[in-house]
Structure formats: C-alpha cells, structure tokens
Amino acid sequence: MKIIVAVKRVIDYNVQVRVKADGTGVETENVKMSMNPPDENAVEEALRIKESNKANEVIVLSIGDEKCQETIRTALAMGADRGIHIKVDKAIEPLGVAKIIKKIAEKESPELILMGKQAIDDDCNQTGQMLSALLGWSQGAFVSKIEFVDQSINVTREVDEGLETLNLKLPSVVTCDLRLNEPRYASLPNIMKAKKKQIDQINLEELNLDINPRIEQINVSEPPKRKKGIIVADVAELVQKLKNEAKVI
Amino acid sequence: MILVIAEHNNEKLKSFTLNTVEAASKINEEIHILIAGNNSENVCNEASSIKKVKKVLHAKSSIYENHLCENLTPLIVNLAKNYSHIISPATAFGKNLMPRVAALLDVSQISDIIEVESEDTFIRPIYAGNAIAKVKSNDIKKVITIRPTSFEPTSSSGGSAIIEDIGETEDLKLSNFVSKEESKSERPELGTARIVVSGGRGLQSSENFKLITDLADKLNAAVGASRAAVDAGYVGNDFQVGQTGKVVVPELYIAIGISGAIQHLAGMKESKVIVAINKDDEAPIFNVADYGLKADLFEAIPALKEELAKLNIIKK
Ligand SMILES: Cc1cc2nc3c(=O)[nH]c(=O)nc-3n(C[C@H](O)[C@H](O)[C@H](O)COP(=O)(O)OP(=O)(O)OC[C@H]3O[C@@H](n4cnc5c(N)ncnc54)[C@H](O)[C@@H]3O)c2cc1C
Ligand SMILES: Nc1ncnc2c1ncn2[C@@H]1O[C@H](COP(=O)(O)O)[C@@H](O)[C@H]1O
Numbered sequence: 001m002k003i004i005v006a007v008k009r010v011i012d013y014n015v016q017v018r019v020k021a022d023g024t025g026v027e028t029e030n031v032k033m034s035m036n037p038p039d040e041n042a043v044e045e046a047l048r049i050k051e052s053n054k055a056n057e058v059i060v061l062s063i064g065d066e067k068c069q070e071t072i073r074t075a076l077a078m079g080a081d082r083g084i085h086i087k088v089d090k091a092i093e094p095l096g097v098a099k100i101i102k103k104i105a106e107k108e109s110p111e112l113i114l115m116g117k118q119a120i121d122d123d124c125n126q127t128g129q130m131l132s133a134l135l136g137w138s139q140g141a142f143v144s145k146i147e148f149v150d151q152s153i154n155v156t157r158e159v160d161e162g163l164e165t166l167n168l169k170l171p172s173v174v175t176c177d178l179r180l181n182e183p184r185y186a187s188l189p190n191i192m193k194a195k196k197k198q199i200d201q202i203n204l205e206e207l208n209l210d211i212n213p214r215i216e217q218i219n220v221s222e223p224p225k226r227k228k229g230i231i232v233a234d235v236a237e238l239v240q241k242l243k244n245e246a247k248v249i
Numbered sequence: 001m002i003l004v005i006a007e008h009n010n011e012k013l014k015s016f017t018l019n020t021v022e023a024a025s026k027i028n029e030e031i032h033i034l035i036a037g038n039n040s041e042n043v044c045n046e047a048s049s050i051k052k053v054k055k056v057l058h059a060k061s062s063i064y065e066n067h068l069c070e071n072l073t074p075l076i077v078n079l080a081k082n083y084s085h086i087i088s089p090a091t092a093f094g095k096n097l098m099p100r101v102a103a104l105l106d107v108s109q110i111s112d113i114i115e116v117e118s119e120d121t122f123i124r125p126i127y128a129g130n131a132i133a134k135v136k137s138n139d140i141k142k143v144i145t146i147r148p149t150s151f152e153p154t155s156s157s158g159g160s161a162i163i164e165d166i167g168e169t170e171d172l173k174l175s176n177f178v179s180k181e182e183s184k185s186e187r188p189e190l191g192t193a194r195i196v197v198s199g200g201r202g203l204q205s206s207e208n209f210k211l212i213t214d215l216a217d218k219l220n221a222a223v224g225a226s227r228a229a230v231d232a233g234y235v236g237n238d239f240q241v242g243q244t245g246k247v248v249v250p251e252l253y254i255a256i257g258i259s260g261a262i263q264h265l266a267g268m269k270e271s272k273v274i275v276a277i278n279k280d281d282e283a284p285i286f287n288v289a290d291y292g293l294k295a296d297l298f299e300a301i302p303a304l305k306e307e308l309a310k311l312n313i314i315k316k
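Protein sequences appear in the order of chains A and B.
Letter 201 of the first sequence, counting from 1, is numbered 201 in the numbering used here, and no numbers are missing.
Letter 222 of the second sequence, counting from 1, is numbered 222 in the numbering used here, and no numbers are missing.
Careful, some of the hints might be misleading.
[Unchecked claim] Sample of chain B residues at the chain A side, in silico, Cβ under 8 Å: (1) GLY159; (2) THR244; (3) LYS269.
[Unchecked claim] Where chain A lies over chain B, by a calculated footprint (3+ residues, C-beta under 8 Å): (4) 62-72; (5) 173-182; (6) 246-254.
What the hints contain is simulated information worked out from the structure, not anything from laboratory work.
By construction, the Cβ of each residue, glycine as well, lies at the ideal position given by its N, Cα and C atoms.
Build the full structure now, drawing on both the sequences and the hints.
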C-alpha cells in the first residue's frame, strides 16, 4: 500500500513571531522556516509503517512556493521515497489545500494519508478533516497511536476527556499528534541520497480547481500585553499578596 | 437562523455548549440547537430550558451514540440549508467534526474565534496567540468553532424551547467506536475551574507530581500540566494546557516547574492572576506572571501549604 504524507512549511516553532507594523500579517522575511512539527511525526509514522512491511511507498506532498521543496527534501532525507510539490504562490486556506490533496489522492490511490493535526501558523486544525470528508473516507483526528488490524486500523485519539480508540476502515485520513512517535534525524548518507530522489512539480493551473480564499484577513494585531508583575521575596509574601491584593484565595 | 451543535455524553450537556449558545447570540437571536445522540432525552430537556434556545432538534439513533464524525456530518449538512451559521465549541469534539461539515458545504471554516464583530467578521488568535487576526468570511454560510473560555456561559434555565424529533441518516460504517479511557476525578474541570495548579518537567516524576495534585485538591483547584510533563507520563494528555492542549482562563493560575514556552503560554496567558514558581531567574514564565517566586519547588510547595494552612485558607 501507498501512504501520502502532507507537510507544511511554517515559521519555526522556536521563532518569536512579530506582527508587522502595517497590520497586514506577521514578519516572514529572514525568519527561520521548518516543517510544521506534527507533520514530522506524520512522516516518521509513515516510515515506520513501511519498515514494518505494511506499506511499500511513502510519498511526501507539500503545497506552497518554491521553497517548499526544502521541506519535502527534509522528509526525503528522513527516508520518504518521493515528493510532490504543488506550486502555489498565494495564500491558501485549508479548504483549498484539502481540494488539492484530494486531486492528488485520486491519481495516486493511497490507502492512508497522514498529516499534522494542526499547522502552528494559522492554528486552523481543519485540513485533514476536510480532506477526509471530501474523499468520503474514515477519519482519525489527533492521533497518538496507530495499529493495523487485518484490513483496517485502530487509532487512539487524544480527546478532552482522555483517550478514545476507534477502528477505521481503509482508506483513511489520520492527523497526528506530537505524541505519536519520536521523529528521527536524517543521517548524512540519507541526506546525500535524498538529493537524488524525485520531486514532481505540479502547477496549480493543471489541477483546474477553485481555491480562491473565502476568508478576508482584515488585519493582524499584537495581542494585549500583560502588565508587568513582581517578584515576591518568599512564600509568605506570595500568600499575603494573593489574599489581600489579588483577592483570589 | 443559527444552528448550535451541542456537545454532550448522552446523559448531560457538556458545559461549553452554554458558552457556544452565548457566542451564537452575539450573531443572531434565532438559535436552534442540535442534539444528536442515543437515549439522549435528558440532554434535550436540559437544552430546552436554556433561555436563549428557540428550538431543540433531536436526532436519536445508536449511530450517533459515540459522536462518530463520519455519521454526524451528513446529518448536519442536511440541516444546513435552513441556517446562516453553524457553530460548535472548539473542543476536541467540535474540531473533529466541524471542518467536515464546512468542506461538504464548500465553505471555509472560521476556527477558534474569541470575539464576534458582526455576523461575518470575527477575531481569532493565530501563531499560538502571538498575533490576533480580524477575519471576514465571504461564504454564504458560516461554519464556526468558538473558543469557549472567551465567552460567558449563557443561563441554563428560564427557557422552554420545543423539542422536535428529526430523522436519522444512514450508517456509513466507515469507523467504529472501540473504547474510551476517561480520567475520572472529583476535581473541578480544567476548562472551567476558578483555580488551576499546573506542573511541568520541573516535577521530575509522576511520584513528585502528587505535590501538584495535592496542592490543587486542597485549593479545590483543577490540575494542569505542560506538554513536557504529559510527554514524560506524569499525567494524562487531558491535563495539557497550551497551543495543542486546552485553553484555560481561571482567576488564578499557578505554574510550578514550567518554563513558559510560547506554546504553553498560548493556553494560559489570559488567566486573571498568574503565579510562577521556578528556580531559574531567566524562565520566560516570569514575563507573564503577576507574582513570581524564584525558588526550588520541592521547598516552595510544602512551605506554601504550611502558609495557606496557617491562614486557614486550606486544611493541612
Ligand atoms: C507544535 C508544538 C506544540 C506544543 N504545544 C504545547 C502545549 O500545548 N503545551 C505545552 O505546555 N507545551 C507545548 N509544546 C512544548 C513547549 O514548546 C515546551 O517544550 C514545553 O511547554 C516545556 O514544558 P516545561 O516547561 O514543563 O519543561 P521545561 O521547558 O523543561 O521547563 C522546566 C522548568 O522547570 C524548572 N525547574 C526544574 N526543576 C525545578 C525545581 N526543583 N524547582 C523549581 N523549578 C524547577 C526549570 O527551571 C524550567 O524552567 C509544544 C511544542 C511544539 C513544538
Ligand atoms: N500548504 C500545505 N501543504 C501541505 N500540507 C498542508 C498544507 N497546509 C496544511 N497542511 C496539512 O494539514 C495539517 C493541518 O493544517 P491546518 O488545518 O492548517 O491546521 C498540517 O499539519 C499539514 O499536514
């Protein structure tokens, strides 16, 4: 079976993002970019499934500008077999991303699509669920464990009350939590090998899709800042402040 | 007209449904609520007594019992033609379900809003709350999830909405419920507690984490944790506060042995009063704390209990 993994290129999670003064967005010039963190877990899981002989090909897909190839290359260096880059130069919403991946899925016929549960830039938490609905497939969202049982999978999902296990018919779309696994580092030989792996580039126009944004971003602003607090000398002062000043205990 | 998708466990309405109704009422007063469940009559009665609810739609079937999103989606999509907005809380339930509904209606979802500006314009945090976006939806229908802690719960009484039974949709048989492991405790719920005591990697072990749970119990507080503490297995995933965990806005948030990574701050920096106990002067948590205590937590927690007991705030 084939697995497709969708990876997004985002501002690195260690970067303190800054809102642009003109309110049009956040600063992206000269800012470190990386693979969206849970997408690394999705790549790792796909590789483990392949290594346990339950899959024979791992395809990595990314949608965005030319630089997305670097992100795909990172996944290839981890061990994925080939890449697909859908070149889009403008901002694109989860619905548009889901429509594009659906097209690719129809062509490649994977049995499993793995993605991150949430992109840490837009914090939308939508794309995998949308894709699953558009394909009419089963859905495992926020997953921290995947097990194969006969022709189906059992997924353990992180939900508000604890953990929930579902049995999903294949094909399926699964979105991954950071706790699913520990992503590997690419070894030097694998980084070298990845340079020769194939990345197919597809222009958006070829797909014939309407992915125009439906949501207008009117402005982006700084969150309200908290008033600077104080450092207390000891526990006694802390309790006194909480009781008499803040009046919360 | 607005359709609110209720979250419930077939016996009781989940409390964040009330916050969702409140958010909906800021858009339009004509609010209907969908209860899709099995043996969920009690939930319908509860929903019917919410003052701001005009009608309760009840879809009862065993296929809705475990809230499987593949089966709930067609039900909601069928109802959507009557409504301008479809709203649910941005909880694991709503996040799982609503994007499916949006996709099949061919609209973009507006996730996790914290404010309603008008019927089509909303405020939502992005980049783990480091930026706030004002967005306008140009879709005919709006599919929205709301951040429950950003809206007050609406009154749960005073109403007597009619309950209308609606038909069920077919079982798509794409997924099956296997099991659920719920953390059971007598403590207040993390999302709604007045006080939250959270522990991080500084606790070092699940054994030591009992210092946190014990302090929380004495203060009648909920227990929270950083992702690192959950990853290390000190407590379950349902305790995690942050960008990829829960958002809490208690009156008092006490962070102990937590460094204050932006992903953690995303879940707690709106708390009314923040206390940080950390032995590292440079820990970023001190930047958001109203009261910072630079101390070793293994000394500070017992001393804190001692002091609180001395003033009769807690029992020893
Ligand atoms: C995509 C993504 C999403 C994430 N989502 C979340 C999230 O939702 N929630 C979250 O919390 N994190 C999240 N994280 C992880 C986050 O980046 C941090 O790694 C995590 O919050 C660190 O947890 P911590 O503060 O407990 O551990 P550490 O950063 O290791 O801090 C431990 C602190 O304890 C202090 N300490 C140690 N011993 C003592 C002692 N004896 N007395 C007093 N203080 C002591 C140390 O000084 C230190 O400040 C996410 C990360 C990524 C990449
Ligand atoms: N432009 C993109 N290219 C590839 N995958 C994407 C893209 N946008 C989103 N995804 C996938 O969808 C997941 C969830 O994104 P979101 O719904 O935006 O929070 C990400 O973790 C990725 O796996």
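Checked hints:
The closest approach between the C-beta of GLY159 of chain B and any C-beta of chain A is roughly 26 Å, which is over the 8 Å cut-off, so the hint fails. Residue-level restraint check for THR244 of chain B holds (minimum Cβ-Cβ distance to chain A is 6 Å; threshold 8 Å). Satisfaction of the interface hint for LYS269 of chain B is found here, the shortest Cβ-Cβ separation to chain A being roughly 7 Å, below the 8 Å cut-off. Closer than 8 Å: that is the beta-carbon criterion, and the region 62-72 of chain B has 3 residues meeting it against chain A, so the requirement of 3 holds.
Three residues within the 8 Å Cβ limit are the bar, and the region 173-182 of chain B against chain A gives 10, so the coverage statement holds. Only residues whose beta carbon comes within less than 8 Å of a beta carbon in chain A count, and the region 246-254 of chain B has 3; three or more means the coverage holds.
Hint compliance for this structure: hint 1 is the single one not met.
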